[in-house]
Each structure stands twice: as structure tokens, then as C-alpha cells.
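Asker: Heads up: the sequence lines are chains A and B, in that order. With this note's numbering applied, the first sequence closes on residue 208, and no number is skipped along the way. With this note's numbering applied, the second sequence closes on residue 915, and no number is skipped along the way.
For the record, the hints were derived by calculation from the structure and aren't laboratory data. Where a beta carbon is used, it is the ideal one built from N, C-alpha and C, also for glycine. One should not assume that every hint holds.
[Said to hold, decoys possible] Computed beta-carbon distance windows for the label pairs: (1) B:ASN823 with A:GLN82: 32 to 42 Å; (2) A:GLN82 with B:LEU661: 31 to 41 Å; (3) B:LYS907 with A:PRO191: 53 to 63 Å; (4) B:SER678 with A:SER204: 15 to 25 Å; (5) B:MET863 with A:ILE205: 30 to 40 Å; (6) A:SER204 with B:THR839: 52 to 62 Å.
[What the hints assert, rightly or not] Here are the simulated PhoX-like cross-link-like pairs (lysine-lysine), alpha carbons at most 25 Å apart as the crow flies: (7) A:LYS183 with A:LYS159; (8) A:LYS159 with B:LYS598; (9) B:LYS598 with B:LYS609; (10) B:LYS907 with A:LYS159.
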Amino acid sequence: MSNNQRIKVLVSVIGLDGHFTGAEIVSRYLMDAGMEVVYLGIYQTPEMIVSAAIQENVDVIGISSHAANYEQINLLMELMKKNNFSVPVMCGGSIPPQDAEALIKKGVSKIFLPHSTSESIVDYIVSIVKK
Amino acid sequence: MVDSIVEKIVNGDVRTAAKLIGDIDNRVPGTREILKALYKHTGNAYIIGITGAPGAGKSTLVDEMVRDLRLQGKTVGVLAVDPTSPLSGGAILGDRVRMQRHSLDEGVFIRSLATRGQFGGLTQSTRSVIDVFDAMGKDYIIVETVGVGQDEIDIAKSAHTTVIVVVPGMGDHIQAIKAGIFEVGDIFVINKSDRSDANKTLHDFKAMIDITRKRSTNGGWEPPILMAEAVNNKGIVELLIEIEKHRKTRKALSPESIIHNKKAIAQLELIDMMKIRLVEEVLNHITNSLEFKECLDCIVDGTKDPYSACDELLSAKLPDGLQQS
Numbered sequence: 078m079s080n081n082q083r084i085k086v087l088v089s090v091i092g093l094d095g096h097f098t099g100a101e102i103v104s105r106y107l108m109d110a111g112m113e114v115v116y117l118g119i120y121q122t123p124e125m126i127v128s129a130a131i132q133e134n135v136d137v138i139g140i141s142s143h144a145a146n147y148e149q150i151n152l153l154m155e156l157m158k159k160n161n162f163s164v165p166v167m168c169g170g171s172i173p174p175q176d177a178e179a180l181i182k183k184g185v186s187k188i189f190l191p192h193s194t195s196e197s198i199v200d201y202i203v204s205i206v207k208k
Numbered sequence: 591m592v593d594s595i596v597e598k599i600v601n602g603d604v605r606t607a608a609k610l611i612g613d614i615d616n617r618v619p620g621t622r623e624i625l626k627a628l629y630k631h632t633g634n635a636y637i638i639g640i641t642g643a644p645g646a647g648k649s650t651l652v653d654e655m656v657r658d659l660r661l662q663g664k665t666v667g668v669l670a671v672d673p674t675s676p677l678s679g680g681a682i683l684g685d686r687v688r689m690q691r692h693s694l695d696e697g698v699f700i701r702s703l704a705t706r707g708q709f710g711g712l713t714q715s716t717r718s719v720i721d722v723f724d725a726m727g728k729d730y731i732i733v734e735t736v737g738v739g740q741d742e743i744d745i746a747k748s749a750h751t752t753v754i755v756v757v758p759g760m761g762d763h764i765q766a767i768k769a770g771i772f773e774v775g776d777i778f779v780i781n782k783s784d785r786s787d788a789n790k791t792l793h794d795f796k797a798m799i800d801i802t803r804k805r806s807t808n809g810g811w812e813p814p815i816l817m818a819e820a821v822n823n824k825g826i827v828e829l830l831i832e833i834e835k836h837r838k839t840r841k842a843l844s845p846e847s848i849i850h851n852k853k854a855i856a857q858l859e860l861i862d863m864m865k866i867r868l869v870e871e872v873l874n875h876i877t878n879s880l881e882f883k884e885c886l887d888c889i890v891d892g893t894k895d896p897y898s899a900c901d902e903l904l905s906a907k908l909p910d911g912l913q914q915s
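Next comes chain A alone, as it looks inside the complex (with noise of 0.2 Å):
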């Protein structure tokens, strides 16, 4: 990667679900590992997602889920995938290891959970985006 190049993320909260500060927080470790992070918020559905991904034409997505709303991740891929557009799809929450096993089948490429440390967070995305 040259100095010019940035790695874009996007993230995310996703559906009914009004946690924001892990998605924040998350953001915000991202920025001061000199990744770009393009913000969407709360209440994001799955449509909303796609567009602005493609949109800003960014390397990853990431999800914050902390309210059970899987069908909405599971939506998610299937638009992607019916869209012909294809970057990784990581998670972080509070989730289940069942649901996470089941999302994992779905075609997301990694799951945080609770506990997991900043520095896993960027070297997982600096590991898949150099890939």
C-alpha cells in the first residue's frame, strides 16, 4: 500500500437497534489507526447500507449489533450478494455463539465479540483488506 492509500470502513448499526457508542467507539479506534471511517448511525436497513457502501466505494463493513436483529445482518448479505457486490462483512456485539456460527454461515467473515481488544479489531482489517 502506498502513502497515499487509506483503508475505508464503513460502519454501521443496523435495523431497530439504538446502540451507538460501540459503533462509535469502534470508529474512533479506526480513525487512530489511520483508517477512514464513514459513519452512518443508528437505524441503518440493509438497502441504506449497500447504497452507501457503494457509494463510497469502501473496503469493509462493519456491523454493530447489540439487539438480536440477525435477520437484518442475513438480509444484508443476500442484498449484497444479489447485487453483485461483494466486500467483507464483519460484526461486533453482543452475540450469541449459536447466532454467531449462523452468521458466520451466512458469509460474514468475522465476529467480535465483547472483550475483544482494539488492536484485533484493525490487524483482522488490515490482514482482510491487504488480502
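Put chain B on the given structure of chain A with help from the hints.
Answerer: For chain B alone, coordinates are given in the frame of chain A:
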């Protein structure tokens, strides 16, 4: 390759445009050739610059403007520029949060951009992105920048109409004079005008704009000062009417003045473009050299002063004729 990309963009293909904008921002080699070919498809959009202090309500105002322009059936490109952290080089681009309702509207293309560049790169990528939106056929392009610093003011200068957004309680008119905003504003908006000190701000601005106007040469345009509450959709219709009036005033200028203004903008843009390449290329050339590293060592151990080091490096590295300043 170049032709097919240009064709897709002229036909409004969002993904091709989004990818190209990313490449512009990352200075990917070859992007320049596409921009060269794209340039002849530009010149049709009306460019509105929105600038003001952080928290003045620019994004909310833009959101409302886009809504009204869409009601008129116009297509819009929004370029939202946010600052890059000088420490990490990262950025949080949060302007979309205020513009969510347009995210599914195919007539609106919103793109966030971080200021990034250290050598005035902001102005160049911003202008290139404007060209991409323009070639896509957008009727209006709204460029939102945080109004601090020369780069942002320069962007304002290349917009057709520049709107300065201020809020009450941000200090007296001296602060505004210092920021140099009176010279570049075509329209002033006092946002959050429901606040009690809005009238004082209005009076301060009226007085200052009167003084500025007396020495300006813009075809008799008197910058209006509007009161607005963007979050309550108040003052937006009035703002769009004033923008339209300003557009007509610009059109009605004498042919000489139009050419004069166009030349001024062309000069600004051309110098900017050359500045970036010159500074980057020459500076990279010098800072990668052995002599540069030796000079650093000498300055640190006290055997050379930085003034002499600068002279020596430039006379060794610059072509003859460029050395005397």
C-alpha cells in the same frame, strides 16, 4: 479502457464513478488519463460551496437543500469533506448521518472525503471529484467543507456560489474577519437562528459585509444574510431562491467579466495542480537522497544550521535557473 470508463461515467454509472473517486483520492497511477478524457464532459453542473465552522449545521442544511432540489426534479451530487486527524492520518466521516433519507434516492450521489493531503491535496482531489459528478450529469453539486484554512477557502473560490454558514454565539465579528470569510461568501446563512443572540450576529455581519462590498467587483451582487433553522426546515426555500438569483447575476455579467472570472478560477486550479506535483515530486526526490539524510545528521550534531542545509540541498538538487529565489 479509458474510453469505456468515461462512457460508463457519462451514463451515470454509480459504481464506476465511486471506484474512480477512490482512485483519485488514492492517487492511483493512470487516474489522470481518465480525468483528461472526462474533462470535455464537464462544465454543465452548478457548483455550490457550503462552508462554516464545525457544528454550524452544514450537513443538516445540505440535507434540506437536497430535499428541495429533488422536489424540483434536479439531480444532486454531494461531496462532504471532513478533516483528517493530523496525528493518525485517519478520519471519521460522519456527514452522511444527517443525510440518511437520501441514501436510497438514485438522483443523489453522496460521497465523503477526508482532507488527507499535506501539500494542499484536498483542493485537487475535491476538484477532480467535482468533475466526476459533473460528467455524470448532476444538475447541482454541493461541496461541504469545514471552513477553516486556506484549502477550504480555495474550494469555496472555485464554486459558482459560496454559502457561508455561521451560528450565533461563536464570538464577535472580529472572529469572522480573522477567518477571512467575508471576502469569499456570496450568501451568508445564520443557522440556529432561534437562539437569542441571532439578531446581534445579524447586525455584526451586516456591518462587515457593507464594508467588504464597497471594495469588491462582483457585478453589483450584494451578499444577502439569511436566517435559518435547518433542522426545522426553516430558511431553506429562501436560500435556494438567493442561490438562483446569484446564478442569474453571474450569467448577466459582461462577457469581459465572465472571462475574467473564468480565468481567475482556471489560474487558481492550474497553479494548485502544478503545486502539488512540483512539491511532491521535488520534495520526494530530495528527501529520498543521501545528502538529505546527511544534512539531518549535521543539524542534529550541531555542525550545520538548517538555513545552510536548505540552501545546499536546493542548489544541489534543483535544475539550474531554479535555484535563485
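Asker: Look at each hint and say if it fits the structure.
Answerer: Outcome of the hint check:
1. Take ASN823 (chain B) and GLN82 (chain A): their Cβ atoms lie about 40 Å apart, and the range 32 to 42 Å holds.
2. Taking 31 to 41 Å as the suggested C-beta distance range, the pair GLN82 (chain A) and LEU661 (chain B) conforms, at roughly 39 Å.
3. For the hinted restraint 53 to 63 Å between LYS907 (chain B) and PRO191 (chain A), the CB-CB distance of approximately 55 Å keeps it satisfied.
4. Checked against the hint of 15 to 25 Å, the C-beta distance between SER678 (chain B) and SER204 (chain A) comes to roughly 19 Å, which is consistent with it.
5. Separation of MET863 (chain B) from ILE205 (chain A) is about 35 Å and conforms to the stated range, judged on CB atoms against 30 to 40 Å.
6. SER204 (chain A) and THR839 (chain B) have their C-beta atoms about 55 Å apart, which keeps the hinted 52 to 62 Å range intact.
7. Proposed proximity of LYS183 (chain A) and LYS159 (chain A) is supported: the alpha carbons are some 14 Å apart, at most 25 Å.
8. Annotation: proposed proximity of LYS159 (chain A) to LYS598 (chain B) holds, straight-line Cα distance about 21 Å (limit 25 Å).
9. Note on LYS598 (chain B) and LYS609 (chain B): the hinted pairing holds, with a Cα-Cα distance of about 12 Å set against a maximum of 25 Å.
10. The straight-line distance between the Cα atoms of LYS907 (chain B) and LYS159 (chain A) is roughly 55 Å, outside the 25 Å bound, and the hint therefore fails.
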